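A.B. asks: Per the working numbering, the sequence shown starts with residue 715, numbered consecutively.
Hints listed in this document are in silico derivations from the structure and should not be mistaken for laboratory results.
All figures in this text were calculated on a predicted structure; none of them were measured in a lab.
A couple of the hints might just be wrong.
Unchecked claim - Under the rule of at most 16 Å between Cα atoms (straight-line distance), these lysine to aspartate or glutamate pairs were calculated in the EDC-like manner:
#: 1; residue 1: Lys937; residue 2: Glu949
#: 2; residue 1: Lys1169; residue 2: Asp1219
#: 3; residue 1: Lys803; residue 2: Asp838
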Amino acid sequence: MDSRKEKISRGDFLKTSGTVIGGMVALSNYGCLANINSLKELMIRGKTNFSLVLPKNSNEKETKAAHQLKFYLSKISKALKVVNEGEYKGNNAIYIGKTNFAKTAEVDSDLLDEDAYLFKQLGDNLIIAGGKENGLINGVYSLLEFFGYRKYSADDPLLVPSKNDFSFPNDELNTPRIKYRTTNYYDARDTDYESWHKLSSSDSWGMFVHTFELLISPEKYGKTHPEYFSLIDGERNPVTQLCLSNEEVFQTLVSELKERIEMKPKAKYWSVSQNDNDKYCQCGPCSDINKKYGNLPSGSMVWFVNRVARKFPDKIISTLAYWYTRAAPSNIVAEPNVNIMLCNIESTREKPVFDTDPAFTNDLRDWGKMSQDILIWDYNIQFANPVSPFPNLHTIGPNIKFYIQNNVRALFMQATGNKGEFAHLRAYLITKLMWNPNADPNAIIYDFLDGYYGKAAIPILNYIESMREALLNDNFRLNIFGDPRDAVKNYLASDKMIHYNHLFDKAEKAVLDDEQKLTRVKEARLPLLIAEIQIAGQIP
């Protein structure tokens, strides 16, 4: 175990991301932590002469960030105090937020991306600055992780490092490439877990998908204004889509959207998107717009949403690339504040999507050429059997990197919302990679296994790797709506099952003296046992 830990150090897990030069930031990477360089020691054997210093008139986010840092560091040392900059007379401090000291170092938080954070040393002091949204608290939690704190799940206590000697990280800037990061894994429901792992709040959305019928109600306008709705085979039908070429439709929708935005002014994303059917308008003017932009119904959709976005330049107007609008139009570019939401529910998961789904890959590349902001609605579990083994962990990192290469700036990683196979590990891996797509997925996985399962980490890692190797041994297609019985000649073959159970026997034996970790190992084994029962035909 010790030799393995030496191979995958914290420095490998999260690498240097950038530097600060004269108040300007030079980025070499995104969303990762700096290697320690032992420049200034914050704490030696739990003792420190540092204080946490806030601006004279600190705001709510600055105050929260300082007290969260104090709270977690107090688990090792009670010496740290939070003080006001106007009252502080010492020489060793962590300055948090928009302090005058930060200004002397030419650190301007207003120049940072809303979730970005900055560490900068000046003399015997460390400055933590952050963007206006969650940047500051992101910096605090990243500093704590740098010191060795871990939050592996929402249900379990925070892992506090056993050491009590801490040094500051190097100067660095972390700006996430993915601006909206969310998942509905069980752990992400917890607000503390959500904040610790830098997930975006659901409050970011004012309206979310299939909103045409909400913005222009068929009940309200269907009889009085049938011309607002799709013309199909010579008839207007309100239970369809909108007639996007109709100017009154545009004015009415903008008016309704304006009222809703006024009720939720802090919401950033607003969906203006088709209803959940394929009955788009085929009137002459709508068809003419589609012909102009590649002869696709997505042409009139982007044309219409662009017009809406220009009315609300401080909001992001999101629309769907889904069903009849899945293929990207041509001869048109999405406005900078238009978000395209693209789903890949058809993709199989044995390899990254660019190796298995050419249709989705081409659609994403085409949308990436005409849009600066794409949201991928991704799927990472087997929905029909969410507790059964689903060996796709190796695809998550490459997929996220591919998305970013094609202008994906928002990501929703869907699960069931309940506990399932390796649910804590999956949530941990996904949140880390959404923040830092350049991080090493294998190092993240091992960091979790080592911290969560202790001495059982290596057998469980071997189980994950063995199942992946079996999956990739032939041309098996890993479907998100599949069944364990589909894999009886692949990764769930009888000889493989014997090997997997042998690995779990070793894992349980390794932690017999640790009741908590033994329980965790047994929970990790349950999906294998359930698959055995399903394969035997006892569960339909």
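A.B. asks: Which hint numbers doesn't this structure obey?
C.D. replies: none
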